[in-house]
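Assembly of the complex is requested from the two constituent chains, each provided in isolation within its own frame, with the hints serving as guidance.
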Amino acid sequence: MSEQNTSPEKGYLDMDLLRFTTAGSVDDGKSTLIGRLLYDSKAIFEDQLEAIQKTSIQRGDENLNLALLTDGLRAEREQGITIDVAYRYFATPRRKFIIADTPGHIQYTRNMVTGASTANLAIVLIDARKGVIEQTCRHSFIANLLRIQHVVIGVNKMDLVDWSEERFLEIKEEFTKFASRLGAIVDVTFIPMSALKGDNVVDKSENMPWYQGPALLYHLETVYIGSDENHVSARFPVQWVIRPHSDEHHDFRGYAGRVAGGVFKPGDDVVVQPSGFNAKIKAIHTMGGELEEVFAPLSATITLDREIDISRGDMIVKANNPPTVGQDIEAMICWFSEKPLKGQGKYILRHSTKETKAIIRDIKYKVDINTLHKIEDDLEFRLNDIGRISLRVAAPLSYDSYKVNRTSGSFILVDPFTNETVGAAMII
Amino acid sequence: MPDYTVSHLRQLESEAIYILRETAAQFERPVLLFSGGKDSIVMTHLARKAFWPAKIPFPLLHVDTGHNFPETIVYRDNLVEEMGANLIVGSVQEAIDDGRVVEEKGPNASRNFIQIQTLLDALEKGQYDAALGGGRRDEEKARAKERFFSHRDEFGQWDPKNQRPELWNIFNGRMSPGENFRVFPLSNWTEMDVWQYMKFENIALPSLYFAHKRDIVVRNGTILAVSEFVQPREGETVENRMIRFRTMGDATITGAVESNASTMDMVIEEVAAARETERGNRADDKRSESAMEDRKKQGYF
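Going down the list, the sequences are from chains C and S.
All residue numbers for the first sequence refer to the numbering used here, where the first residue is 35 and numbers rise by one.
All residue numbers for the second sequence refer to the numbering used here, where the first residue is 249 and numbers rise by one.
Pulled out of the complex, with its shape left as it was, chain S reads as follows (with noise of 0.2 Å):
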């Protein structure tokens, strides 16, 4: 008897495929959310496998708050270059000077709030019915419920008691005229999954990744590079420090942490030890319990 037993890799790969196939013919205009996070770059690594040897089907589109590390940006560029894939960038810093959207004031502001709304223009702009996110269930609590095919109302708002219920592997994507979906394919997927793909798949990641030495400042117990968005305020120190990202957002609240894992084995290594969250240094999440939640209803991945 032949041994057809599929890693758990190969079948979250699969899956993953299949809802981007899925995606693909349901959607009349499918868009993939890029951040240059790691799970963007999985979820695009993903695309190119399920439509391969043809282009992937549709654009990548990057919400830029405006507020990004250099690293990510050069690497967006190589990729799309190398993919040959169309790419759109939505500005917050346009929204803002625009006058679509206010920014929060105050010595904890974040662009967090506002970048849902440029997202949401980005969507209407481009008329996108699908957009793909690379959000994954064991991020974060409100995320545990979320669905593979995520409806959002002509508002683009999500209403967790009224989702679709999902069985086997059908998946129901009409819609009517003004509404639109948001799709998950990592939904179950865990960050160590992530990282042990991306070795098993050699998938090469941004620098910032990997521990190395940065001048930083412990802002609110969260550890932020120092950049020309990220100034020390008084009493704050600028210490140099091995760091390394675990998630990549907005600079201005994406916390690094202590580390000296500078190769993926080691970073699969610290992943499987680690006791805190990846999101738990992710100042945006703690404002209060349901602060994912909240913002999932306004629209946010």
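Here chain C stands alone, though its shape is the one from the complex (with noise of 0.2 Å):
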């Protein structure tokens, strides 16, 4: 757990992670892109490749269907359909890259949020024929949504537009007058490609060479994101008590957690929430041996300098900056069930290690993701809508912004009768 374990060879000790999403529709060139993504980097293995090709055959596909090594799910084969987020992974000497890899279409709408909750960057794919259409604008706005930092607008298939600069600023320009509307996307990159022919996707193209920046994967390789976790607000909620109840560690008592803002170190001013008690961290354990400072997203286990009550669910921030703390809650929410939301319906809230009881007090507004209108006049919240409501919950919540941290500013609601997972929400 510790940094202080990692040796000074240099190589895959130093690699770093980029978790990525990408949506996509059927006839986008996605699966096209991850196929040579992966295959590029020699993240498919011969057997995989011998099996799609068999498969590829027997369903009369013109091409290689790469579509298949992410369809993994007999359903999805038979209706030749990603249904679910898929997960892939691959490596370059640089980087490993967790993709998310989900379903374009409305539908799938949840699908796209959930592949998009933990992704560092988002790779937005737009026909270069179609320019910014419907799907561009659903896409960019789950992203900005769900506050994912970096994203990469892929100009796919120019080669069906003759390599044209002309056509790649004219979208170029469609998309930045569209994304001013949206607001929070941080950093965004243009790519001028053709999955399927291989330009800018991991070699640069030889077609335009009126493009200076970079391919894909060089981006995706050295894309910054040491930024992107909050470690100025300190948070780390409690998962669990270590009570070893052994001889050697007799009065030991650590909360275990996982980092989720802000650095901590020994002898740090410390407020345990909800309760309000002060406390300074007496150490920081790991089986490696005692750390000096630990942050996000490291796991670790704390001790404090005094003995208080801490479960489950509390969370230790530091004095100086803590998070709101509170019962009455302003969200955005994308519903997942085929079950409405009710208004005043009553649901289990998950709150990073707590759990309690909420009731919807108020459903403010919808959103028509493929113009970003509100709707006010249907309340009624249905498999994949997305919006804005206000709920109170049983017992007070140490919460923050999902602007300023994705972990203490997001939930999920359970229905308290299927135990089902019905909705995702961040916190305003």
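Certain hints may be false.
Every beta carbon over 12 Å from chain S, so not counted as near; a handful from chain C, in silico [as the list claims (entries may be wrong)]: (1) K130; (2) H139; (3) T148; (4) A150; (5) K164; (6) E207; (7) A249; (8) I276; (9) G310; (10) N312; (11) K316; (12) G360; (13) F370; (14) S424; (15) A429.
Calculated pairs, SDA-like style, for lysine to any residue (alpha carbon to alpha carbon, straight line, at most 25 Å) [as the list claims (entries may be wrong)]: (16) K409/S x T452/C; (17) K437/C x T210/C; (18) K373/C x E402/S.
Pairwise CB distance ranges, derived in the manner of DEER restraints [stated by the list, open to error]: (19) N334/S x I462/C: 46 to 54 Å; (20) L417/C x P318/S: 47 to 55 Å; (21) H283/C x E319/S: 31 to 39 Å; (22) Y258/C x M514/S: 32 to 40 Å; (23) D407/S x P430/C: 33 to 41 Å.
Just so you know, the hints here were simulated from the structure itself, not pulled from any lab data.
All residues carry an ideal CB built from backbone N, CA and C; glycine is no exception.
In structure tokens:
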């Protein structure tokens, strides 16, 4: 768990991790793009390739159908569609990558939201012939809502518009105009490419000498994500209390958790929320030895200088910059269930390691995610709907705005009868 | 500005520890599935880290097909003693003897399918509500869509179309009586990550994972170690080759690869250059395109 264990060796120990999401529909070349990234980085093995070659021929597909690599479920292969979020992995000497590959059609909004929730970067594909369309709008809206800080606009199928710089610039302008209504995306990179021909995916295109920027893979390898985590507001949600009851560690009482923001050091003044008790950090423990500091997203065990009643669901924070503690919450929510969200409905709410009950107070509006218009005349929340609600929880929560902290700013709602996860929300 | 970059191995480790602690916290009676394979060895290591200095708060469960490499059992027993862990063994042989399952017949019979019943029996007997497994999403395409917290109905079945969405790091382990969960803390790891992590953490492995000379037969393109369970058939010749194993399972179906990789570094190099998946040598996955999905629906890991 400790960075101190890091050996001085170079190579894979220095690699970091980039999680990105791709959303796309059947024809926009998303599967081809992922297939190419995986294949060119040797993440596809011969036996997998053989298996999909066999299946492609059986199905009568004209080309090798790379979508078969990601569409793992029988139903998906039968219907030729991606239903669920598929996670794919590849690595280059610089980075390890986790792709959350999601379907792009509006009926799978919840899957896109799920895939986006853990991503640092989103790839939005635009068909160069079509330009910015409804789907571009939808995918960008979701990336923005989930606070993905880095977006790559892949202007794909450039081969079908004669590798035209003019067309590329036109689309760039069109998107920039539209994105000004979104706000949060920090970093947008436009890359003209042809996933099918391989231009600007792994290697720089020879067909577009006018493009001076990087190929997609180089950008993915080098985009700076070091400042994505919040290292200012210290948050440590307590997951589990460690009491060994052994002779050696007789009085040990450690609070185990994963840092959700900020930096903790021995000697720091902390407050335990929601009780409000103060203490100092005595030590930060791992099996490999004590640490001088710990920060997101590392897991550790903290001991304090005095005995306070702390249990799972509490949050250890720093006194100088505490989260809000309260019971009335406003949030943007995406609805995941066939059963509509009920006004005044009661649900179980899970927020970091805490579970409590919640009642819906008000549905403010829904968003038409194709046009970004507010809908205020039809407030029934159905599957895949996104909008703003207010709710009240049974026990006080320590929370932040989702803008500030993804972990302390998000929660899910669970149906108390079916135990299904029915909604995912971002606190305003 | 200090550098707060965290290497991919530390991120994966932290995530797995987080999942292990969530499992302990959200379930009444979790259990850790221990097969003796490298993934379950890494899982056990992570579990020790997650709860240190306390002992791990759940037992280990080994579903024993009876077709073991002796090295696996020696390793298992040493590890259990060192950790002071509680080990439970679910025996496929006993299930056969009791008539609870019927062994497959035919030359390519395997105990893989009846292993499922033994697992489900052991889970039911121990009233375990969450079973931690070392499954990874990169292993097989049906696994690419598996959740960290994978819900199973009262028959132990997996319904791929009806999985709970998992967002951020919030995991929903709520369930009705009789249902249970499979939990996969290594979901985001690849085979390479597992090897790198073992090197990073100096984790000792059974000798089978490193190149050694062994008597083998080649059956349907798979290299099988000759043992009391695998005897040469007519037309097959026993050869002595340098081999190692990439996965550890039932000795009758686990294929070896030819290799000279006798150290961790050499194995990592070999994995990096490999052009076949590690399960590419598992006869059980080759039965059909959906073999893994079908077994998972039945209750397999």
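So, going through the hints one by one against the coordinates:
1. With a minimum CB-CB distance of about 4 Å to chain S, K130/C fails to clear the 12 Å threshold, and the non-interface call is violated.
2. At the 12 Å boundary, the C-beta of H139/C stays outside the reach of chain S, the nearest C-beta of that chain being 16 Å off.
3. The beta carbon of T148/C is not kept farther than 12 Å from every beta carbon of chain S, the shortest such distance being approximately 5 Å.
4. Non-interface status of A150/C relative to chain S is broken: a Cβ of that chain comes within 12 Å, the nearest being about 9 Å off.
5. For K164/C, the non-interface assignment is confirmed: its Cβ lies about 29 Å from the closest Cβ of chain S, beyond the 12 Å cut-off.
6. Every CB of chain S lies more than 12 Å from the CB of E207/C, the least distance being 34 Å, so the non-interface label holds.
7. Every CB of chain S lies more than 12 Å from the CB of A249/C, the least distance being 22 Å, so the non-interface label holds.
8. Not every CB of chain S is more than 12 Å from the CB of I276/C (nearest about 5 Å), against its label as outside the interface.
9. Separation of G310/C from chain S is adequate, the least Cβ-Cβ distance of about 23 Å exceeding the 12 Å criterion.
10. Here N312/C stays apart from chain S, with its beta-carbon at least about 25 Å from theirs, past the 12 Å limit.
11. Annotated as non-interface, K316/C keeps its C-beta farther than 12 Å from every C-beta of chain S; the closest such distance is 14 Å.
12. Consistency note on G360/C: stated as away from chain S, and its beta-carbon is indeed over 12 Å from all of that chain's, at 19 Å minimum.
13. Non-interface call for F370/C relative to chain S: violated, since the shortest CB-CB distance, roughly 6 Å, does not exceed 12 Å.
14. Its beta-carbon lying about 20 Å from the closest one in chain S, S424/C satisfies the requirement of being farther than 12 Å from that chain.
15. Listed as outside the interface, A429/C is consistent with that label: its C-beta sits roughly 17 Å from the nearest C-beta of chain S, beyond the 12 Å cut-off.
16. Our distance criterion of 25 Å between C-alpha atoms is met by K409/S and T452/C, whose separation comes to about 16 Å.
17. Using a Cα cut-off of 25 Å, the hinted pair K437/C and T210/C holds, with the two alpha carbons roughly 22 Å apart.
18. Between K373/C and E402/S, the direct Cα distance comes to roughly 23 Å. Compliance with the 25 Å bound is thereby established for this hinted pair.
19. Taking 46 to 54 Å as the suggested C-beta distance range, the pair N334/S and I462/C conforms, at roughly 47 Å.
20. In this structure the hint that L417/C and P318/S lie 47 to 55 Å apart at CB holds, the actual value being about 54 Å.
21. For H283/C and E319/S, the hinted distance range of 31 to 39 Å is satisfied, since their beta carbons lie about 34 Å from each other.
22. Checking the proposed 32 to 40 Å range against Y258/C and M514/S shows it holds: the Cβ atoms sit about 35 Å from each other.
23. Distance hint check for D407/S and P430/C: the Cβ-Cβ separation is about 37 Å, which falls inside the suggested range of 33 to 41 Å.
Of the numbered hints stated above, those contradicted by the structure are hints 1, 3, 4, 8 and 13, listed in ascending order.
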